Amino acid sequence: MEIALLGFGTVGRSVYEMLTAARTPELEQIRIKKILVRRDIPGIERFAVRDFSYILLDPSIDTVVEVMGGYSPAYDYVKKALLCGKNVVTANKAMLARFYGEITELSEKSGAALLFEASCAGGIPWIKNLRKAKQTDRITRVGGILNGTANYILDLAQSEGLEPEAALMRAQMKGFAEADPSDDIDGIDTARKIAISANLAFDICISEASLLTAGIRNLSPVDIGFFKSRGLVCRLIAVAGKEPGGGVYAVTEPMLFKRSSPMASVPLNYNYAFLDGVSSGRLGFFGQGAGGPATANAIVQDLIEIAEGSAFKPVIKPFKIAPPPKKRYYIRAKRDIPALWDLPGERIKAEENEIILTTPVNAADVHALKDSAASADIFFASFAEDDFV
Numbered sequence: 000m001e002i003a004l005l006g007f008g009t010v011g012r013s014v015y016e017m018l019t020a021a022r023t024p025e026l027e028q029i030r031i032k033k034i035l036v037r038r039d040i041p042g043i044e045r046f047a048v049r050d051f052s053y054i055l056l057d058p059s060i061d062t063v064v065e066v067m068g069g070y071s072p073a074y075d076y077v078k079k080a081l082l083c084g085k086n087v088v089t090a091n092k093a094m095l096a097r098f099y100g101e102i103t104e105l106s107e108k109s110g111a112a113l114l115f116e117a118s119c120a121g122g123i124p125w126i127k128n129l130r131k132a133k134q135t136d137r138i139t140r141v142g143g144i145l146n147g148t149a150n151y152i153l154d155l156a157q158s159e160g161l162e163p164e165a166a167l168m169r170a171q172m173k174g175f176a177e178a179d180p181s182d183d184i185d186g187i188d189t190a191r192k193i194a195i196s197a198n199l200a201f202d203i204c205i206s207e208a209s210l211l212t213a214g215i216r217n218l219s220p221v222d223i224g225f226f227k228s229r230g231l232v233c234r235l236i237a238v239a240g241k242e243p244g245g246g247v248y249a250v251t252e253p254m255l256f257k258r259s260s261p262m263a264s265v266p267l268n269y270n271y272a273f274l275d276g277v278s279s280g281r282l283g284f285f286g287q288g289a290g291g292p293a294t295a296n297a298i299v300q301d302l303i304e305i306a307e308g309s310a311f312k313p314v315i316k317p318f319k320i321a322p323p324p325k326k327r328y329y330i331r332a333k334r335d336i337p338a339l340w341d342l343p344g345e346r347i348k349a350e351e352n353e354i355i356l357t358t359p360v361n362a363a364d365v366h367a368l369k370d371s372a373a374s375a376d377i378f379f380a381s382f383a384e385d386d387f388v
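Residue numbers for the sequence shown follow numbering that gives the first Met the number 0, beginning at 0 and rising by one.
Derived from the structure by calculation, the hints contain no laboratory data. Hints are not guaranteed to be accurate.
Simulated crosslink set (EDC-like; lysine to aspartate or glutamate; CA at most 16 Å straight-line) [to be verified]: (1) Lys312 <-> Glu104; (2) Lys32 <-> Asp57; (3) Lys326 <-> Glu345; (4) Lys131 <-> Asp370; (5) Lys127 <-> Glu304; (6) Lys127 <-> Glu307; (7) Lys312 <-> Glu101; (8) Lys333 <-> Glu353; (9) Lys127 <-> Asp202; (10) Lys79 <-> Glu101.
Because the structure is a prediction, the values reported are computed rather than measured.
Make the full structure from the sequences, and use the hints.
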């Protein structure tokens, strides 16, 4: 099987190194034919091309590995590859979350495979096990800790007492966070991963606009002190569920767990993904969620599936959006905000802040607070229900 790599960054280089080392018979059957690059890179001159058409028009290349990231030109290249009947393996969660319906339809029409193990939870075999589980069981819920950067910040802030800003700086120094960490700390990266997971688990195509998404940007020492005093641990959690009536919900938000919860014990930049099945109950998957070698390993696993003729093709069925179950929330505000008075619950003064511990309320009502003029003054987290942990 001959492949082309689109991109030669950290992940692309790791894929190249794994395949050129070819330490197993499975890897020996996968050969790199071309690598699409934007500049000259020493050591790969015989593979390098600057024009995607050289890859598209080469009949010997049957699989394209997209590791460029972003929407453009990655989406255009993936579409053209599928239209030409070339299989696609991608780690691009942003593209998948936004254009899942379009590229899935192209895959179905062309007969080419579309695999994306590396798009969620990095080196954890999450997508593959989710696919296998749904072959024999009805999945009712998926989710977990799906962003290593956010978990690293939360873990250091709560276990070592670092202020969130200092924890973020350490994450950046270690290479766990980008110079602009917005996608990680605002929950956007996590939301994309839960969208992809929900699409696969429930055979749907959920739009980014349908997702309730909140992050940890406004986390403060006041919040951390309160959680510690109550024996709670905060994690950034994504969850998607399918209701008995067929409706699907998806939400990303900080969530509070008892210290004894497995979620509270996930350290540093690790991920923990789970699925709930009618027959299997809770199945959990723990491991490194990012990094070049871990992500490359997931990509190569997809390539082996294609080479062995066992690749799956995702499908999409009609569905409807449902609201998440009502939950209790912790809400901390720096000043008096009129919208908060509409939420029922206990009110506590904490330094110059007001804390509200709500009774069960609609998630949408709480998430609407971050879109208000006072959004910079608010942090909230839901309380994990007993059946979640």
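Here is what the structure says about each hint:
no.	hint	verdict
1	Lys312 <-> Glu104	holds (10 Å)
2	Lys32 <-> Asp57	holds (10 Å)
3	Lys326 <-> Glu345	holds (14 Å)
4	Lys131 <-> Asp370	violated (39 Å)
5	Lys127 <-> Glu304	holds (10 Å)
6	Lys127 <-> Glu307	holds (15 Å)
7	Lys312 <-> Glu101	holds (13 Å)
8	Lys333 <-> Glu353	holds (6 Å)
9	Lys127 <-> Asp202	holds (15 Å)
10	Lys79 <-> Glu101	holds (12 Å)
Hint 4 from the earlier list is the only one contradicted by this structure; the remaining hints agree with it.
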